[in-house]
Each structure stands twice: as structure tokens, then as C-alpha cells.
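Student: Work the whole structure out from these sequences, hints included.
These are the residues of each chain, in order.
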Amino acid sequence: MPLDKRKLEEDFFKVLMVASTLLVVGSLLSVFAMVILKGAPALTISMLTQTPKGGYYLGKEGGVLNAIAGSLYMTSGATAISFVTSLLTALYLNEYAYRSKLASFVRQSLDILWSVPSIIYGAFGFIIMVYLGIRASLLGGMMALTLLEMPIMTRAMDEVIRMVPRRLKEASYALGATKLETAFNVVARQALPGILIGILLGFGRAIGDAASVLFTAGYTDNVPSSLFDPAASLPLAVFFQLGTPFPEVQQRAYASGAILLVIVLSLSLASRLLAKRMTKYVVR
Amino acid sequence: MLRPHISIEKLNVFYEGHHVLKDITLDIPEKRITAVIGPSGCGKTSLLRSLNRLIDTVEGVKASGKVLIDGVNIYENGVDVTAIRKKMGFIAQTPNPLPMSIYDNIAYGPRIHGEKDRGKLDKTVERCLQAAGLWNEVNGRLREPASKLSVGQQQRLCLARALAVDPEILLCDEPTSALDPLSSRHIEEQLIALKKIYTVVFVTHILRQARRLADYVVFLYFGELIEHGPAEKVLTQPTEPRTQAYLRGEIS
Chain A
10 MPLDKRKLEE DFFKVLMVAS TLLVVGSLLS VFAMVILKGA PALTISMLTQ
60 TPKGGYYLGK EGGVLNAIAG SLYMTSGATA ISFVTSLLTA LYLNEYAYRS
110 KLASFVRQSL DILWSVPSII YGAFGFIIMV YLGIRASLLG GMMALTLLEM
160 PIMTRAMDEV IRMVPRRLKE ASYALGATKL ETAFNVVARQ ALPGILIGIL
210 LGFGRAIGDA ASVLFTAGYT DNVPSSLFDP AASLPLAVFF QLGTPFPEVQ
260 QRAYASGAIL LVIVLSLSLA SRLLAKRMTK YVVR
Chain B
171 MLRPHISIEK LNVFYEGHHV LKDITLDIPE KRITAVIGPS GCGKTSLLRS
221 LNRLIDTVEG VKASGKVLID GVNIYENGVD VTAIRKKMGF IAQTPNPLPM
271 SIYDNIAYGP RIHGEKDRGK LDKTVERCLQ AAGLWNEVNG RLREPASKLS
321 VGQQQRLCLA RALAVDPEIL LCDEPTSALD PLSSRHIEEQ LIALKKIYTV
371 VFVTHILRQA RRLADYVVFL YFGELIEHGP AEKVLTQPTE PRTQAYLRGE
421 IS
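Going down the list, the protein sequences come from chains A and B. Residues 10 to 293, numbered by my numbering, are exactly what the first sequence covers, in order. Residues 171 to 422, numbered by my numbering, are exactly what the second sequence covers, in order.
Honestly, the hints are just simulated from the structure, not real lab data. Check before you lean on any hint, since a few could be wrong.
Stated by the list, open to error - SDA-like cross-link-like pairs, simulated, lysine to any residue; straight-line CA separation at most 25 Å:
| # | chain 1 | residue 1 | chain 2 | residue 2 |
| --- | --- | --- | --- | --- |
| 1 | B | K232 | A | D20 |
| 2 | A | K289 | B | G310 |
| 3 | B | K293 | B | I282 |
| 4 | B | K236 | B | G310 |
| 5 | A | K188 | B | G310 |
Tutor: Listed below in C-alpha cells is the structure:
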């Protein structure tokens, strides 16, 4: 190909790439901006520190502490459980069932589960709860969110664990280490920054999801004090407040959304910092 | 005849249907450096890896025959593979430090074998780094990531790490091929010093290196054992035409 044509090609695709990047960043920033701008007037200290008082949904006193606490409790619980199962599954797939039919079947299933709408997990969780005789509760919501998080977290960890170079495992085996010792001391350590990203992905998906907690956790104006209490959540708080006809309550919906964004953002920053510290030992 | 440390009897290795080692029968002498030479793809590495059963970790590999170490066949059913590997330090072609600090890299082996005493671990780390000729360069920064060391230092770290589990045998798979000449010389010097205590099996494709280091030489060609014997004999007066051709540089 003549040089000027190749240069033209280069320029053309560069423009396309920059445009795509701008589109992505721009639309995300617009969402942020809208939530912050619309919610800012309602974003007061009492939003964070108080539960809804009588008449809150008509525009009177109170805050969304119930939803903040409910969301944090449920998502933390679900993330903790998913972390354990996901790490164990990912290690199993890569270190024990490597290249087996089972491994590819599990991967395929997880990829499909990833795209299952969250309302389905909610409905499934609800059926299980009815069967076990559990009411809509913190526990129920946690179960549904765990189902939602597991496929994402497992696949994310699976991908990073798969990238661990063979020579590192060999070094460990050659010293007389067992598979288990190698998996936890070498493989998991090398993949640690990626594992952290996996946890964040799972947490982010779960804390922002409304549909799976709708039936399973219910909604309440109180901060749950036991696993069997119903629990509010921020996404549902947004949903309910946005559905009222009162502008000041709608404003609070955006403020609740902003709180959600800030939680996810600070977690993302924290995990980035942590990952950076852990990358120190990673072998390239 | 030198006292054999490793006795290989009719060892055959297949990799996904390829016959990579054919009926190898061979004694490897104790506390000497044995160089395994031959053109690339001749099965040198496979031979080395079948001595500590590292080939087991590769999918699609089948091995048959016997490898006797201290009189025990390591391919016997029910032998403890981790105990076998503990007896043999392994140095790979490219340095492979573990994702941890310099100290932890060396303490890793003793720790998995149950050593918890901090004082003992400290001593082991120092002793092994001394033996690998790395102590003076890393003393005072043992907590730094191993990956920060230069490639040559990393390979000496791997040597120190291998020594930390108190092996009897050192298996080296072209350990200098990724290193600069100075670092290579470092490794060679350490190996010569170490053969007083350890049996060393050394894979190389560099003939000059074999001449410098080897007491005993094994020549492999397309998975077959062509010739083996004391270094001065095999390297200067080989009896087999294929060995002669290889030494003259006619086949590679």
C-alpha cells in the first residue's frame, strides 16, 4: 500500500478511537453530573444520618440511613460469601480441573449466568425463601445478591488466575509444594491485584441492583438489626422516591443515587490503592 | 567407576503421542557435574524433568521405566512426589522468582516443609544466599520484591531457593541461557563450588560450557542416548559417529 494511504488509514482510525473514548467518558460523566446536580440541594447531613420520619415520602423530615445501612450490610455479606466461593472455584478450574470438560462447562455456564436478568435471581431467591420459610429479609437479600455476584466474580478471578505464568507454579512444585500450597501461596498471590478487581466488580454490580432485592429483602424504614429483619437498599430508595409526585422527594432520589455513586467510587479508589501496593511483589 | 546417585532404567517418555525419550538406561555419578548435551529438541529437558517428576504436571505426558534415587524408584506407585522433589533442587531456563520478597522466596521451601522457627529461617536464608554468591548484593534489602533484582541475580536467587530445602541433587535446565556472560560465569562458579556437596545434572546446548564444567557427559540425539562417559573421554575421543559429528558442529 502507498504510504499516504496508510497514513490516511492511521489518522482515520485514530479519530474513531478518540471519538469512541470521548463518547464513553462523556456519557458516564453526564450521568454523574445529572445525579449530582439534581441531588445536590437535597444532599444534607440528615440524609446520611437519619431514617425516614413520618411523612418523609411527602417531603417531610428524615434521611435514607435505612437504605445506606441495608445496602452496605447486604452487599458486604454477599461479597464476602461470593469471594470465598469464587476464589475456590477459580482456583479449582485452573489448578485442578485444568483443560477438562468440566472446566469449560463451568465457564460457559458462568458466562450465561452473567447475563441472566437480576429479577430472575430475585425470583429464584424468593422461591427458595418460601421453601425455607424465610420472610423478605437481610438474609434473603444477601442470598439473591450472592447469586448475582458469583458468576461475575468467579469469571473475573478465573481470567486473572489463568494468566499466572506456568513457570511460577513449576518453581513451587519443584520445591516439593503440593497443589494446594501452590494455589494459595503462589497463584493467588500473583493474581492478587486482579482478584481485588474481581471483588470490586461483584460489589459494584450488587450494590447497584434493585430487582434482585425487591422480593427478597423487602423494604423498611428501619435499620435492620438482625439477619431476619427486612432491609432497605439504595437502588430501591431511588426507585420509590422517584416514583412520588413531589419534586422535593424526587430530588432526594437523586441524592440517594449520589450517595450510591460515592460509595462505589470510594471503594474503587481504595481497591486501586490496595492493588497498587500489592502489585509490588507481582512477577512480570 | 564413580558411585551412581541416580540410576535410570529403560526410561521412556511420551508426549501427546511423540516418543521423546527412548529406552534411556544411565547412571549419574554422585557429587559430580553431569552435563546433558545434544541438539535442541533432543529430549534433554524432558530427561531432566523426569528426574523430579516435574513432567507429571504437564498434560498429556506418559512416562514408563525406572528412576532410582538412593535405591528408591521414584515412579513406583504410592511414592510421595513432594518428598522426591524436596531431594532435588531445580533451576529453570529462565529465572522464575516467586511473587514475594527476596527473603520469602528462599524461606518458601523450608516453610512448606514445616519450618516455622524464625531464627532458623533467618540462618537458612543467609546460608543459601551465601552459597549462591548473592548475599553481599542483597543483604539489607531482603524485604524487597524478588522481581526487582536483575535477571542474573534472580537466577542466583533461584539457586539459593533450591538449596534451601537441603536437596542432594541439583537439576539445572540451561540455567545460563537467559543470562549475560558475567552472570553466567557467576552461576558456573557457584556450581563448581557446589559439586563438593551436591550431585549436579546440567542441561546445556553450549559445548564450551560442557567442557568447562562437566565431569561426566551424556549425549542425547532425537530422544536416544547415544553416548555417555567421563567428560574428557566423550568430549575428546567419542566413539559414536553421531557424537563425533555433533562435536564437530556438523549436526545441531
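Student: With reference to the structure, classify each hint as holding or not holding.
Tutor: How the hints compare with the structure:
1. In summary, the hint linking B:K232 to A:D20 is not supported, as the alpha carbons are separated by about 54 Å, beyond the 25 Å threshold.
2. Taking the CA atoms of A:K289 and B:G310, the gap is near 18 Å; set against the 25 Å cutoff, the hint holds.
3. Taken as a hint, the B:K293 and B:I282 pair is honoured in the structure, with Cα atoms around 17 Å apart against an allowance of 25 Å.
4. A threshold of 25 Å between alpha carbons decides the hint, and for B:K236 with B:G310 the separation of about 46 Å lies outside it, so the pair is violated.
5. For the suggested pair A:K188 and B:G310, the alpha carbons sit about 33 Å apart, so the restraint of at most 25 Å is broken.
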